[in-house]
Amino acid sequence: MMDYSDKVMDHFENPRNVGEIEDADGVGQVGNPSCGDIMKMYIKVDDDNKISDVKFKTFGCGAAIATSSITTELVKGKTLDEAKELSNQAVAEALGGLPDVKMHCSNLAADALRKAINNYLGIETEEEDDFHCHHQHG
Amino acid sequence: MERIYMDNAATTATDPTVLEEMKPYFTEVYGNPSSFHSFGREARDAVREARDKVADLISADDAKEIVFTSGGTESDNYAIKGVAEELKDKGKHIITSSIEHHAVLHTCEYLEDKGFDVTYLPVDEDGLVDPADVKDAIREDTILITIMLANNEVGTIQPISEISEIAQENDITIHTDAVQAVGSIPVDVNELNVDLLSLSGHKFHSPKGIGALYIRQGTRIEKYLHGGAQERGRRATTENVAGIVGLGKAAQIAGQNLEEKQAKITQLRDKLIDGILEEIDEIKLNGHRTKRLPGNVNFSIRYIEGESILMKLDLAGIAASSGSACTSGSLEASHVLLAMGLSAEVAHGSLRLSLSKYNTEEDIDKVLNVLPEVVSDLRAMSPIYNQD
Amino acid sequence: MERIYMDNAATTATDPTVLEEMKPYFTEVYGNPSSFHSFGREARDAVREARDKVADLISADDAKEIVFTSGGTESDNYAIKGVAEELKDKGKHIITSSIEHHAVLHTCEYLEDKGFDVTYLPVDEDGLVDPADVKDAIREDTILITIMLANNEVGTIQPISEISEIAQENDITIHTDAVQAVGSIPVDVNELNVDLLSLSGHKFHSPKGIGALYIRQGTRIEKYLHGGAQERGRRATTENVAGIVGLGKAAQIAGQNLEEKQAKITQLRDKLIDGILEEIDEIKLNGHRTKRLPGNVNFSIRYIEGESILMKLDLAGIAASSGSACTSGSLEASHVLLAMGLSAEVAHGSLRLSLSKYNTEEDIDKVLNVLPEVVSDLRAMSPIYNQD
Ligand SMILES: Cc1ncc(COP(=O)(O)O)c(C=O)c1O
Ligand SMILES: Cc1ncc(COP(=O)(O)O)c(C=O)c1O
Ligand code: FES
Ligand code: FES
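Residue numbers (my numbering), protein chains in the order written: chain A, 97 to 234; chain B, 263 to 650; chain C, 263 to 650.
Chain A with its partners taken away, still in its complex shape (with noise of 0.2 angstroms):
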């Protein structure tokens, strides 16, 4: 079952970047507590359109700390394309891989930084259906 990689040890021990950005520029979140799993990206956007920081806090599994944890190191001076491009695969290879049952929560990550990117641009998102996860776990 859960067998985690070093580095997605050290990022669930050592997490990058938690906490909040009052003055976000943009915020996203994705999740859903009954689902177990939150998670919550604020970033700030300079002017030449890369992200200058990058904040996040979630609740969840080992992976979905991890992941949070490493995307904002993956991010962090990236302009908002580029971090808009950001895979789920990206991010599972960043931490030398996750286990199978486990590569969903990858999505969670680079999801609520698109959300936070298009908060910011002032783009709309579909909301979450509140009612299912919206994930397979397991």
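Mixed in with the good hints there might be a few duds.
[Unchecked claim] Using 16 angstroms as the maximum straight-line C-alpha spacing, the simulated EDC-like pairs for lysine to aspartate or glutamate come out as follows: (1) 485(B) with 347(B); (2) 376(C) with 484(B); (3) 485(C) with 627(B); (4) 628(C) with 576(C); (5) 485(C) with 371(B); (6) 285(B) with 282(C); (7) 376(C) with 347(B); (8) 376(B) with 484(C).
Calculated from the structure, these hints are not laboratory results.
Got chain A sorted already, so can you dock chains B and C with the ligands onto it with the hints?
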């Protein structure tokens, strides 16, 4: 790092005395109990002695009522499918509870696929089945009631004797999954008055892969494993002699000063429960406060998720579980906690710490020392926790 | 008295190296492989390694194709009932042979009760199934062919690759009970080209109570034990970790210099066969002379009865068997020998001596020394023996 094992509801360490007892049955007394010769006779004698010890532990009238199996799951499958198969012409209705172990639930679901009708009784917020509900659920065609003696997640102990009285009045076969109870609390098949009872050795310091099904004499049940004539024709396959010897020894040891050990573990449990309640706010003890297994502690800790709690504890050298071992890892909210009325959100933050005779006062202190920080670290990271 | 064990087809002694490998998994590495924490991870790693070793021994493409079970009987029950259950809407006809182990035969009989139709193919006087008979038996509604790789009583090895070719041409699932073969002769699931293969550890120096079912990827089969999600959902129950580790080690050891060991045991077997043929008259070697397990010797000794031969041998310190271990003790004439055309009278006088890597030249000499006298003593007592 000194590690602390508090996942004894998942499995226990084999008692070294049990292992000692088993050793000769691998390389020296290795005969097949069905064999005619002296090697076979020695193995046969060992199996006989072990059967007596298991019968003793649950106060069975006759050791013949004990059939060895590969564990709790097989015992549950055997009991439920065996009765269903045998009595299907009499009726196809089965009554169980909604908080059974998957070995019972998934077997019942399998039977539903085969045309059986299953009633899953609700439980109250402590996880208790109401015997009145059992009575109400009984129909003309009810052939089996299967309700667990003690729950593996929250430790709640069911009023099985009351339920079996109802079963008896209505002439319905009754099985109880006593996998979590046997070895932890006194279990007497006659007091419980059940026809079938499942137990599993690895929950009380025998090795994994060996268990038993108690089958009261006269109980009608189809066999489960077809083949040779072992176990008086009730379970084919060459007997797991070393495992059986281990189960016997573990049963014998468990029976010695059972109540004393129970009291000691209960005292540790209560210290742990009280300590956690004192140190951490916004938590909820799951399961009945007193009608509960001596070693079971189960809390829901709001705003955080079970797996991440387990990871943090594991990093601190504490082995615990969130929900049952079988489901931990899949992050599905425990069906037991949901049935007890918890919201999925709260259920996701559940933590089970389960004790055995090997746990000490120091273990409790260590957990009480580590857990509050784990919780506050994770809450600090949680988007749904309101820090003010 | 120095005793000689020649009943290795019934069960074998656990290899001391295997036991050594297992020991830590009782009292030290005792976690539940499904558990999240480090104790669980250690157990999980051990199970993974063992699975690789078992896969290696039978040249499975992927270790995922190995499902651990409680032994040969469960593997057979799982394979046959599982395919029958899964494919019953496609058809209800099963083809097997008349000399299968009871684990297969009684499972097939059970399915007949449930409305399945089973063809029990005949064998020739050597115990061989004719592939042409398999072909002829195939019907529109045939869903499974289950034929053993090597017979437990007479050691005859069947032409499984030829049979599986026929199965494949007709798109029928094929299972082989290789319980007697695995560990004794090279077994390659791809050469055999089977979908399912049963093996049992205690036939090759792992402990009893652990076995495996090989399930080729893509094979449609209903699970047998319902419950937790262990073994990728294919077999519920807390894994018998120590047993699995033992099976893995035994598989590894069996694979090392397999052909050399096979040659050595074959040479002992042939010395025993030739010696007995030389010393005792009016006897018949049962089973094929060369297409036979390296360790199997089976004779029918006219005018005397099997159990009394076993008793005399046992008194002389030689452990043997008459028919399979499962039926020895019930004194029914072996269904295998009857199917091979022996009269019941002759079948009753059968003696099986089965060798393992632990048998020596001296063991053979001792048997050759003792057996002739046993036979002549009993014949002297027999009213049907004509002494002139
Ligand atoms: C209540 C209950 N029933 C059944 C089982 C299954 O037992 P085993 O793992 O021995 O198959 C367990 C433990 O896993 C259990 O706690
Ligand atoms: C050919 C064959 N099949 C199946 C079995 C059953 O194996 P087990 O005793 O491990 O259940 C045996 C041995 O008893 C056997 O020889
Ligand atoms: S985010 Fe990891 S399981 Fe849902
Ligand atoms: S005389 Fe003893 S079994 Fe027949």
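Here is how each hint holds up against the structure:
1. 485(B) with 347(B): 9 angstroms, holds
2. 376(C) with 484(B): 13 angstroms, holds
3. 485(C) with 627(B): 44 angstroms, violated
4. 628(C) with 576(C): 13 angstroms, holds
5. 485(C) with 371(B): Holds, at roughly 13 angstroms.
6. 285(B) with 282(C): 10 angstroms, holds
7. 376(C) with 347(B): 10 angstroms, holds
8. 376(B) with 484(C): 13 angstroms, holds
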